Amino acid sequence: MLVLSRRANQSIVIGNDVVVTVLEVRGDHVRLGIQAPRTVSVHREEVYAEIQRENRTAAAVTGDVVGSLPRPPR
Amino acid sequence: VLVRSERLGDLAVDDDKVLTFPEGLVGFPGDTRFVMIEIADDDAYRWLQSVDDPTLSFLTVIPWHFFPDYEPEIDALTQQELGLKVVTDAIVLCIVTIREGTPVPVTANLLGPLVVNTVSRVGRQIVLADSGYPARAGLVGA
Numbered sequence: 001m002l003v004l005s006r007r008a009n010q011s012i013v014i015g016n017d018v019v020v021t022v023l024e025v026r027g028d029h030v031r032l033g034i035q036a037p038r039t040v041s042v043h044r045e046e047v048y049a050e051i052q053r054e055n056r057t058a059a060a061v062t063g064d065v066v067g068s069l070p071r072p073p074r
Numbered sequence: 001v002l003v004r005s006e007r008l009g010d011l012a013v014d015d016d017k018v019l020t021f022p023e024g025l026v027g028f029p030g031d032t033r034f035v036m037i038e039i040a041d042d043d044a045y046r047w048l049q050s051v052d053d054p055t056l057s058f059l060t061v062i063p064w065h066f067f068p069d070y071e072p073e074i075d076a077l078t079q080q081e082l083g084l085k086v087v088t089d090a091i092v093l094c095i096v097t098i099r100e101g102t103p104v105p106v107t108a109n110l111l112g113p114l115v116v117n118t119v120s121r122v123g124r125q126i127v128l129a130d131s132g133y134p135a136r137a138g139l140v141g142a
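Top line first, the protein sequences correspond to chains A and B.
Mapping to the numbering used here: the first sequence position 53 is 53, numbers consecutive.
Mapping to the numbering used here: the second sequence position 36 is 36, numbers consecutive.
Hints should not be assumed to be uniformly reliable.
Only part of the chain B face toward chain A is listed, based on derived beta-carbon distances under 8 Å [stated by the list, open to error]:
{"no.": "1", "residue": "36"}
{"no.": "2", "residue": "37"}
{"no.": "3", "residue": "66"}
{"no.": "4", "residue": "111"}
From chain B, some residues computed to sit far from chain A (all C-beta separations above 10 Å) [what the hints assert, rightly or not]:
{"no.": "5", "residue": "15"}
{"no.": "6", "residue": "72"}
{"no.": "7", "residue": "101"}
{"no.": "8", "residue": "127"}
Quick list of simulated restraints, FRET-style, between CB atoms [said to hold, decoys possible]:
{"no.": "9", "chain 1": "B", "residue 1": "6", "chain 2": "A", "residue 2": "30", "range": "39 to 49 Å"}
{"no.": "10", "chain 1": "A", "residue 1": "16", "chain 2": "B", "residue 2": "22", "range": "15 to 25 Å"}
{"no.": "11", "chain 1": "A", "residue 1": "14", "chain 2": "B", "residue 2": "140", "range": "42 to 52 Å"}
Since the hints were made in silico from the structure, they are not lab data.
None of these values were measured; they are calculated from a predicted model.
Ideal Cβ positions, reconstructed from N, Cα and C, are used throughout, including at glycine.
Go ahead and model the full structure; you've got the sequences and the hints to work with.
Here is the structure:
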């Protein structure tokens, strides 16, 4: 992993069109500003990781599950 | 196209029924082609089977059967990527996870639903960050 030191109000550029700026540092809390084209999706890693974990668990489901699924309320 | 599925057996599927997820699903970026398989006598659930990996299938649910108030916001970028012009062209599916031995073993991922344009047959798993929707919403039967 590339490691860069930055201070508040300094930025890094990723590719041609993504700019990440350190807005504020307070203790262990860092606020980042992200400028990216609309075609680039930006997520907090933990949200992405949670969905990835659910997908992986779902893909590992085995056996005959259909017979025992909850039926929707009517 | 002949789709091989460990779970469902060999499936003969019309080419125009193949769905393309250009980015794959989260955590599965390489699997971009899926088919949606209905389950006999069942309106609520669908299988999503990878065309290219027989071992990869997901059980999904049409969320409104269980969560009538669910309102996933399909942002402008997603609408553009899917070529989605009218919202009625979209189908929304939530991936189902089963964890045996837990109090609510069957859950649906409302945080990261799949949105498919049924006309262009392009889909995407969207991330509803800050929506408050859970990744594990219990499916409780009638």
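Checked hints:
Checking residue 36 of chain B against chain A: minimum C-beta separation of about 15 Å lies over 8 Å; hint violated. Annotation: interface hint on residue 37 of chain B violated; nearest CB of chain A at approximately 11 Å, more than 8 Å. Hint status for residue 66 of chain B relative to chain A: holds, with the closest Cβ pair at about 6 Å, below 8 Å. A hinted interface residue such as residue 111 of chain B counts as satisfied when its beta carbon comes closer than 8 Å to some beta carbon of chain A; here the least separation is about 6 Å, so the hint holds.
Residue 15 of chain B, annotated as away from the interface, keeps every beta carbon of chain A farther than 10 Å; the closest lies near 25 Å. In this structure residue 72 of chain B is separated from chain A by more than 10 Å, as the shortest Cβ-Cβ distance comes to about 13 Å. Annotated as non-interface, residue 101 of chain B keeps its C-beta farther than 10 Å from every C-beta of chain A; the closest such distance is 13 Å. A beta-carbon of chain A is positioned within 10 Å of the beta-carbon of residue 127 of chain B; the least distance is around 5 Å.
The beta-carbon spacing between residue 6 of chain B and residue 30 of chain A, approximately 45 Å, falls within the hinted interval of 39 to 49 Å. At roughly 21 Å, the beta-carbon separation of residue 16 of chain A and residue 22 of chain B lies within the given 15 to 25 Å, and the hint holds. For residue 14 of chain A and residue 140 of chain B, the hinted distance range of 42 to 52 Å is satisfied, since their beta carbons lie about 44 Å from each other.
Violation of the numbered hints given earlier is confined to hints 1, 2, 8; the remaining hints are satisfied by the structure.
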